[in-house]
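Novice: Residues per chain, in single letters:
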Amino acid sequence: MYDSVILRSVSRLMLPILLLLSVFMLLRGHNLPGGGFIGGLVASCAVILQMVAFGPTFARRVLPANYLAMAAVGVIFAASWGLPALLGGQPFLTALWLPEPIPGVGKIGTPVLFDVGVFLTVIGVTTQIALLLSEEPLLFPMERGPARDEGAPRA
Amino acid sequence: MANHLFLPFIVPIFGAALAVLLGQRRPLARAAVLASVLFNVGYGGWLLWLVISGGRLVAQASGWPAPFGISLVADALGATMLLVAALLMLGTLLYGRASTGPIYDSPFYEPLLLLLLLGVSGAFLTGDLFNLYVWFEVLLMASFGLITLGGTRAQLVGGLKYVVLNLFGSTAFLIGCGLIYGLAGTLNMAHLGERMAALRQPGLSTAIAGLFLFAFGSKAAIAPLFFWLPDSYHTPPPAVTAIFSGLMTKVGVYALYRVFGIVLPGELALIAPLILALAGVTMVVGVIGAMAQMNIRRILSFHIVSQIGYSIMGLGLASAAGLAAGLLFTTHVMIVKAALFFLGGAVEQVAGTGDLKKLGGMARREPALATFWFLGILSLAGIPPMSGFFGKLALLQAGVAQGQLLITGVAAGVSLLTFFSMLKIWNEVFWKKSYEDMSKLPRVPLGLLLPGALLVLLSLAIGVGAGPISALSAQAGAQALDLSGYAQAVCGAGGCEAAVSDLMK
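Which chain is which? The protein sequence lines are W and H, in order.
The first sequence begins at 1 in the working numbering and counts up one residue at a time.
The second sequence begins at 1001 in the working numbering and counts up one residue at a time.
Only chain H is shown next, with the shape it has when bound in the complex (with noise of 0.2 Å):
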């Protein structure tokens, strides 16, 4: 029992209440908001640390024994998510407190962020598959708070959208849990796995797994459901954009890996070339879109999309080598992704316009900024010594390894496509000349600066040190298809089953 699981969620519930509870103390309550944060940090930190050394861990909520009451389990997976979630809100807090603007100056500002956070370590965390729906309701509302904050009507139009496509994706995800209890009896995931391998009702579960799929599958934005995203990201203000970038999307691709990799390991095997395929049709179709685009954060958004089939190919391998390099190449994209808004986000705040036409001569006029874009661009192209190459890499390693050679090929392609439509930024605004007077502009502040500046060098660190954390992602990928392991972990040594009948007793 490792009861110090219900603490990254009881940190940010109190933080984000005393927040707004302090709401006119405004150091007050910007303390507890980051206090919360950091202690998520470090824990996310020691967990990762924990669960690498000592395996699996869980805890039960209210003491209620497996499978009736909801389990809380972290291993290797989820760990890392969470690490990850909390290092890029402390970005994003930092960020958000050098900026200006009236949004950033909202009294519900960051304490909305805080509840963001707990709504994805509640998803990282849950063992039952109700209560993820229950934390990604709680994300959602968080999430449709941000994006339209402000009020203005850009914001309400491309929120629209996204609040009513994340409806039709929660809503099949609850019909899925219906009819998954309706078929097994049960909603803790170990217990689900054990029953869905036992029950052998081929048609009704490949349902189910669609709707599944649907479901994670719009809030992932894979094709042909990713419509919403380059519509509603770039409305709210960067620092919005760069958290929703790194944790809204990755959480349902996290969602398909454990929904996959546990509950429904047999349906993964049968629709495996359907994953891949979309994995394929979202690079090509995310990149191609981002060519079309001139603007710094609709481009970067496009490339949400085309990561994204990255992320879910790795789902596709349907082998603990494809979800370790899913994993990995996640991981890498969610701090990469996160950095390039920042920067492109400070040059927005800048020059006042995120227009590529208007802009021009950033490099000269800010070099240390074009440094780490440089970089970054680099690491999402897939170029050593940076991260995204050891993720890119694991994944094509894996793909030819199972003779997947097509998707591997366009995996390939599209990386060399993305690092194009990335120079294209590169060269509009930091390289061109630009028409006008750049003297007159302010100077980039060191706060907008830094935090993308940290999650680029986090990916150079990542990038050198690949070789432990491509250890750990085996691990992690290894964990995330091993059901027997985890009812193990979750129910006792026997398996769930036989604590239900030992229970029942």
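Isolated chain W (complex conformation) (with noise of 0.2 Å):
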């Protein structure tokens, strides 16, 4: 953690930035570059700007989630989208897709939806790495909150 006030202005103003990017990263990726790895990286770095500008404990309290149970059901959730062609006797993971595209959001199929269990496993795993290894007092000793006159988001 860095007590710098231009980084903490500035990751406050990024977390939603880099979350609407994550998802918009996310819902492109089956065609263009993107993909929810990509955007499991994006979400999880506006999580990790936090805890290098405020610390672990103010970057949990940001966006509470387990993010080690957030993993465990993303690979459920990714693996589960193979299923589909596999009871319809195709090989596992073969791509099924909706006949029409959803205004607004595009193409939707299972390679989509195995993306966003890639999405969730991503950002679960880099996140609790992160924050585990910034949580180790040896490392790390220092930590300290967004102090109350620098408009840090109120939690």
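It is possible that some hints are incorrect.
Claimed, not checked - Computed Cβ-Cβ distance ranges for the label pairs, DEER-style: (1) A1031/H x V105/W: 36 to 46 Å; (2) P64/W x G1203/H: 53 to 63 Å; (3) V1157/H x V23/W: 40 to 50 Å; (4) F1144/H x D3/W: 33 to 43 Å; (5) L133/W x A1031/H: 27 to 37 Å.
Stated by the list, open to error - Here are a few chain H residues that face chain W, going by a calculated C-beta distance under 10 Å: (6) M1001; (7) I1013; (8) A1016; (9) L1018; (10) L1021; (11) A1059; (12) Q1060; (13) G1063; (14) L1072.
By construction, these hints were calculated from the structure, which means they are not laboratory data.
Bear in mind that the values here come from a model prediction, so they are computed numbers and not experimental data.
Built from N, CA and C at the ideal position, the CB exists for glycine as well.
From these two lone chains plus the hints, build me the complex, please.
Specialist: Next up, the structure:
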């Protein structure tokens, strides 16, 4: 954690922007650069940025989630979307698409839903690793929440 | 199309994720893990039966046609290894549940075991070279977790060596994948085999063969790349050591068989003398290293290295008979080695030490354990009617038939030294009188005895049923070297090159 006013101000702004960007990345990923993995990394960047600027306690509070469970749910969710093809007599993970694209979201099929699972797994794993490392008292002894007058988001 | 080939991955990945999710509700999490391992055991047996009776089974992931997508191929070699891996995992699971200790109680211990099973199952079934690399990463990640779970100082020291050498091996594997892809333009093993035979780039393909030999050799712990193994394998709890001895090095052996049998058979003929020399050195160095040790699991760890020499000797003979004998031996040693680690671990857990000097009197105190241990070392040394005899006999017969008398002689001599070194454990732990009062020690619980005892009985059963089992291994050895049959199964009747020109139209 760095004690810097600029970093704190910017990371506050970046939290919603990065989270939105991650969803954008996730949804375009099956045909264009992006996807669940990249989207997940961007989303975990949003949380890790809070951790760098304000410390791990605040980062856990600003987006309260059980990241380990999120990773496990992501794995189950991703793997589940390979099963419809298998039950229909096709190989595991064969892509099945809705015939018409949904307005505003785009074409929806099992690869998109698979990517959602990857997205959750990547957020869960990377954020959990970063938070656990920064909570290691021997590695990062100092910790400070946001000062009141810096206008940090009210938790 | 055999779409059920995906099941041995799907079930463990769901099991592991559910077990993590149910971490706090321990009985449910344990039930999920046990159910998925039991499924893999049953599936492995069924698949082996299907493969023996009907030949190779193939599935294409996501429905992409071979050789462009990732193919899954089950042949007798892969299916046998799949079944034995699942059986050993079941033994490990039951052994862990019968023992006590902080690591066995960790919420991540059993999910990591399942991920290890996922990785080895994938490695045994994939027909794609890069996908093989990915499965290696999966099983290595799980093993890194297992070997350092608990985080004691000795574990971290041993784990560091393990991680560093395995990363070197993986890097060499990846570089080899890149080179062979640049050379042949494909990663499907069947297609690679066809193209490597047609390309005739002797210098480059020998370099690639050398890289693969280094990569898989370091994972299989052949000399001179074995030093990480005895340093790290005795540090985790006994159940983890047992499953590592059963699976980790044997996946390296399997990869050597597969890659040199299908992808680079031309190079195998060229470097076979080198492989035989390495096999001989591995046998001798491993068994001599074991003699200097005075700790049960360290001795057994050095014997893993020594036994790998025999498995590699099967490859170095570069013939269907050699590979068949190597497979029979590898299967035997997976089972017996895990059994000895279970039984030795039970002694260690009850007596609180694995030091030969401090132990003694176990034959009188635990007669059942001693009996199974003695049968196990008879099997490891190669005394009939145990499975080790038939594994070694097949290897020696293949060696003599091909005129490789030197390596055959070394293999026979090392068997004697193996028996001698095993008798040292027998004498010190079981036979000699204890200096201390053994009557205060707790008895070995049935749960700790059972996995090892059942595996020893399985070894005996393999020895008794050696006729059909060596017929099976002969079939597996012939299949492992049969490139055109493999390519026809994966890509269709015309082979992979014809499939490519069809698909490109």
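Novice: Confirm or reject each hint.
Specialist: Now the hints, each set against the structure:
no. : hint                         : verdict
1   : A1031/H x V105/W: 36 to 46 Å : holds, 38 Å
2   : P64/W x G1203/H: 53 to 63 Å  : holds, 60 Å
3   : V1157/H x V23/W: 40 to 50 Å  : holds, 44 Å
4   : F1144/H x D3/W: 33 to 43 Å   : holds, 35 Å
5   : L133/W x A1031/H: 27 to 37 Å : holds, 33 Å
6   : M1001                        : holds, 7 Å
7   : I1013                        : holds, 5 Å
8   : A1016                        : holds, 8 Å
9   : L1018                        : holds, 7 Å
10  : L1021                        : holds, 4 Å
11  : A1059                        : holds, 6 Å
12  : Q1060                        : holds, 6 Å
13  : G1063                        : holds, 4 Å
14  : L1072                        : holds, 9 Å
When each numbered hint is compared with the structure, no violation occurs for any of them.
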